[in-house]
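Undergrad: Chain by chain, the residues:
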Amino acid sequence: MSDPRQRDDSEDEDDFNPAPEVGSDVEDQADGNDDDDDQDDSPRRENKRQSPARSPAGDDHDGEDDEGEGEGEDVNGNAHDEDDDEEEEDEEEDEDEEIQGHRRKRRRDQRNAFIDIEAEVDDEEEGEDDDEDAEEAEGFIDREEVGEADLVGREDDTRHRELDRRRDAEETFDAEKQAEIYQKRYGARRPARGMGDSGVVPQRLLLPSVDDPSIWGVRCKEGKEREVVFSIMKRVDERMGTKDELGITAAFERGGPNSVMKGLIYVEAQRQNDVLSALDGMLNVYPRTKLLLVDIKEMPDLLRVQKTPTLEPGSWVRLKRPPKHAGDLAQVLDITQSGLEARVRFIPRLDYGMRDDPLAAMTPDGKRKRPLVGPRPPQKLFSEVEARKKNPRAISGNPTSNTWIYNGDEFENGFQVKDIKIQLLTVKDVNPSLEEVTKFASGGEDGVENIDLKSLAASLKDSSASVTYLPGDVIEVYDGEQRGVVGRATNVQGDIVTLDVTEGDLAGQTIEVPTKGLRKRFRPGDHVKVIGGSRYRDEVGMVVKISEDRVTLLTDQSTTEITVFSKDLREASDIGGQGSLGQYEMLDLIQLDPTTVACIVKIDRESMVVLDQNGDTRQVMPSQIANKLPRRKLAVAADRNGSEIRLDDVVKEYGGMGRQGKIVHIHRTWVFCHTNTTNENAGIFVSKVSNVSTISAKGGRSQHSSGPDLTKMNPALSMGPKGGAGMAPPPKPIIGRDRLVGQTVTIRKGGYKGLLGRVKETSDTHARVELHTKSKVVNVLKGDLIVKDAITGRELKNYDSRRPPGMGAPGRPGEGRTVPDWNGGSRTPMASSMSNRTPAWKTPSGAGNGGRTPAWSKGGGDFGGRTPAWAGADGSRTVNPYDGSRTAYGGSGSRTPAWNSGSKTPAPDSFSHGSKTPAYGGSGASDPWSSGSKTPYGAAAPTPGASGGGDTWGYTPGASGSSGAYDAPTPGALLGAPTPGAMNAPTPGAYNAPTPGAMNAPTPGAGWQGGWGAADAPTPAGGAPTPAASGSFAYAVNAPTPGAWSAETPAASGPRYEDD
Amino acid sequence: MERVGGNFVAPGQQRYLRACMVCSIVMTQTRFRQEGCPNCEEFLHLKGDPEAIETCTSQVFEGLITLANPARSWVAKWQRLDNYVQGVYATKVSGTLPEEVKTVLEEEYRITYIPRDGSAVETE
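Residue numbers (UniProt numbering), protein chains in the order written: chain A, 1 to 1060; chain B, 1 to 124.
The set of hints was computed from the structure by calculation and includes no laboratory data.
A few of these clues could be false.
Taking lysine-lysine and the DSBU-like style, the derived pairs with C-alpha atoms no more than 30 Å apart in a straight line are [what the hints assert, rightly or not]:
#1 A:Lys262 to A:Lys529
#2 B:Lys47 to A:Lys753
#3 A:Lys389 to A:Lys324
#4 A:Lys262 to B:Lys47
#5 B:Lys102 to A:Lys389
#6 A:Lys428 to A:Lys307
#7 A:Lys698 to B:Lys47
#8 A:Lys633 to A:Lys602
#9 A:Lys243 to A:Lys297
#10 A:Lys234 to A:Lys224
#11 A:Lys428 to B:Lys47
#12 B:Lys102 to A:Lys307
#13 A:Lys698 to A:Lys753
Quick caveat: nothing in here was measured; it's all calculated off a predicted structure.
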């Protein structure tokens, strides 16, 4: 208030005119016309000089600006200066003085200097007229000019009368009384007057000056801004009139959900100390942190107010409340006059009382019902029928207009209609999706879609605020002063983009522009991708036409032209095609039907091309895909050499095209590999596991491509001396993981003697043991370890030959991993659990065993845990006929049955199984599959080999059934013959142990195994079709020709089969 | 100055706050009803008139200002609050006065009504 005055004082009288112009131009003209005011004024004017005298007075009260403008005098100037430092009461007195001042001035204009002092009096007498509004008052200057001719003529008369009146007044009133009167009269009106006044002064004249108090920003707790402001208010109130009165003049906050000025309040005061003392000890505000002095130029910005975009009927908003509808799209139907409430319609979420808990409703204690917890009902248009059905009393309405009131809510044409306060609506960045909008559109009775594209477009365009620019985007300024400038964004911060200008006058400079007037710029020929907003999202194509901010592009996929906003585009680096379609991505393995799997090699917009297991490509729709097979990282298969192959190994086809590639999927007997040498089918080819050989294994797993180790198969050898010590053969190459890994061991020797640990990894001779006591990994000779059961702590038979085996001499002491003793020990519980479970599972116990054992042998982690579960899962999914599948599956699981089954399953055990299971005999007779599923032997039975096996069994009950089975059919009977002992012997492992590979091996020795494994083999055993066989020799699955049976067996189709 | 004290509103009561659409003073609904608007009572007549309070004050406002010294504060001047009483004001009050009130303001009281919802600023 004080400021303009001061400023004006300091200026010349030249300002006299401009200032009034600002506020009173209109009135001036009005005066000239036949305005109300004019009517009032002119008579007075004509009568006397009164009106000029009075009007300044009115002016003073109505517009202090005007006073200021009029004043050029010292006296007044002084008055103002005082004014500045005083409280408002003083001001009022000052005003009186000012009034005088005005009058003086007036007089002087009239060259009546001597009347100065008495001017006030008029006002008194004309008090009623003073009520005239500001406009009249402001007109006084005009009046002077306009009415000059009149006035001059009456000047004398006027002056005399005034003089008289004044004298009278002087006698009547002294100054104090006058003041009182003024106070009384205008004091009450102050607010109103102030209003009118400030309305006239444009804000730009109110800009802060150096004399105004400064503003400091003070940190406060975010979200507590309002509280702090009220706390300050409280303190101001409390200290008012005391000696600690606060020195601050104002404090304010600009917090709010979307504000950038969160966590700050601003305090206006003359001195920083005032701020500190005002905020001292106040909660949630931190005046001790650095105070930010706000630059004078920035002060108005702090108080800038942006108009909330007005809602218009038809526009889209989102609801914040009621909670049930939070986030739902709604359409504005109408706005109340105050603009504070909107009538909106939205799709109701009704359950028609379905979920009302009758008990809760009846709670006698009158407690409020808890708000609904749990999923909210889906959006669905209101159905009168439903409502009537469930709660007929709650509904009323008019069927013809289709308006209803149900449970107090209004519904029109199926939509819920509600008046909602605008603060409960999200107005900005609504981004309605086409899908949502269509729901509203299809609400029409006739079913005709009547989307209001215009309002939709408006809503969408509004969202341009959320356009994101990224460094590197080429951007054009299309609005504002920098219009036409084109540049490359180098930095984006909030809504300010830093541009490196490349075109236009400013080329080479770096400018910062707000995103508001920006759009991305493309050129025809650019390869772009649609990034959002539109339904063409993720389309990629070439720009063919640009018109303003609309860009037409030719899509790569469908070669159709689409038009999108440039804000939704980005320059594309990739060519064509998305990497995914729904849940399917490139190179995913999918199930097309129970027997066909395929790998996705190309994805189009709506369809995809897949390469199936037979090497055929076909185009499929996502709907044709039965299942997506998860990529199993642990899938293991054996290549044609019997080496273990896993994902990411590099293999080469044997024969055929000799392609070489990295395995991406292993599924049963197929591997899908990726090669870089061709891009046909995205470089994917499919092959049989039996048709590839390992080139390199991921992570350098030890590989060997040897045939079966005959020495190991020789039962005679394995029978060996009980002690077995004498036999120590040279170390064998080892397949797969050392079973020692993961075992709990104690160290027998050395500095770490007696310490308990777990084997982390092994080499041929050493094991790295992670000690339990201290977190340290030490290298220990394998021979210095005692293997313990992780749970019971019981010592397992050490594989070391030096320790006399309890159960029988290990066949090959040297071959630590396969040593049966050890296996035997740990195996026992397994076997038993096996037997417990077997019936339940319907899994051939042999297979089960097989499935499991390897798990164990492989190092629990891999298969042990999984196999059964997996088998179970399989079972649950597979229909009974597919029992076989499990078998096969289990078998496959056991992949290395040779030694697994042998070594792990104590022959006697399995036998007893077999013998116990009635299914055994019967199954053999009846259904190979089911029988197979129940007992391994049963399974074996159907095969001639198996029968042979039967013999063998008879012969060597202790022998592993499998071995017997082999024996029979194979010339290699040598195995069988000598083996009773062998079998019984602790060394079932003998066969089994060493070589899964052996099975595949073409060697005659392998013959026996071939018998079973050899699906390929001509032996009836090949009949191994028996699940049992497959079970116990899962290996067969992987065998070169297991396809024969696997294909036959529904088992083969077991969906999960691939997995192991 | 007319009133000293009582401007404080406890946080729990702040949800009942309303802002006068004319002068932007922020008070609780209760206080508007009991005392009317300290600045605008003359023409808004809010005292004891819940309906008038409903139409002439708004629950939607932002940017609170504590006005300790309206006469000397630049903030007050800028916000055109400089002749008002001490108290808490809002920088922005959403909502518009009913037409009839506006008419009364401008014709009977010769007051130029400046909407406080931000729409005025843009026109300047």
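Undergrad: Indicate, hint by hint, whether the structure satisfies it.
TA: Verification of the hints:
1. A:Lys262 to A:Lys529: 37 Å, violated
2. B:Lys47 to A:Lys753: Roughly 93 Å between the alpha carbons, so the hint for Lys47 of chain B and Lys753 of chain A is violated.
3. A:Lys389 to A:Lys324: This hinted pair holds, its Cα atoms lying about 23 Å apart.
4. A:Lys262 to B:Lys47: Status violated; Cα separation ~35 Å.
5. B:Lys102 to A:Lys389: Cα-Cα ~51 Å, so violated.
6. A:Lys428 to A:Lys307: Given that 30 Å is the threshold and the Cα spacing comes to 13 Å, the pair holds.
7. A:Lys698 to B:Lys47: 85 Å, violated
8. A:Lys633 to A:Lys602: At roughly 22 Å apart (the allowed maximum being 30 Å), Lys602 of chain A and Lys633 of chain A satisfy the hint.
9. A:Lys243 to A:Lys297: Given pair Lys243 of chain A, Lys297 of chain A is violated - Cα atoms ~33 Å apart, limit 30 Å.
10. A:Lys234 to A:Lys224: 15 Å, holds
11. A:Lys428 to B:Lys47: Violated. Lys428 of chain A to Lys47 of chain B sits at ~36 Å, over the 30 Å cutoff.
12. B:Lys102 to A:Lys307: Since the Cα atoms of Lys102 of chain B and Lys307 of chain A sit roughly 19 Å apart, the hinted pair holds (cutoff 30 Å).
13. A:Lys698 to A:Lys753: 35 Å, violated
Hint compliance for this structure: hints 1, 2, 4, 5, 7, 9, 11, 13 are not met, and every other hint is.
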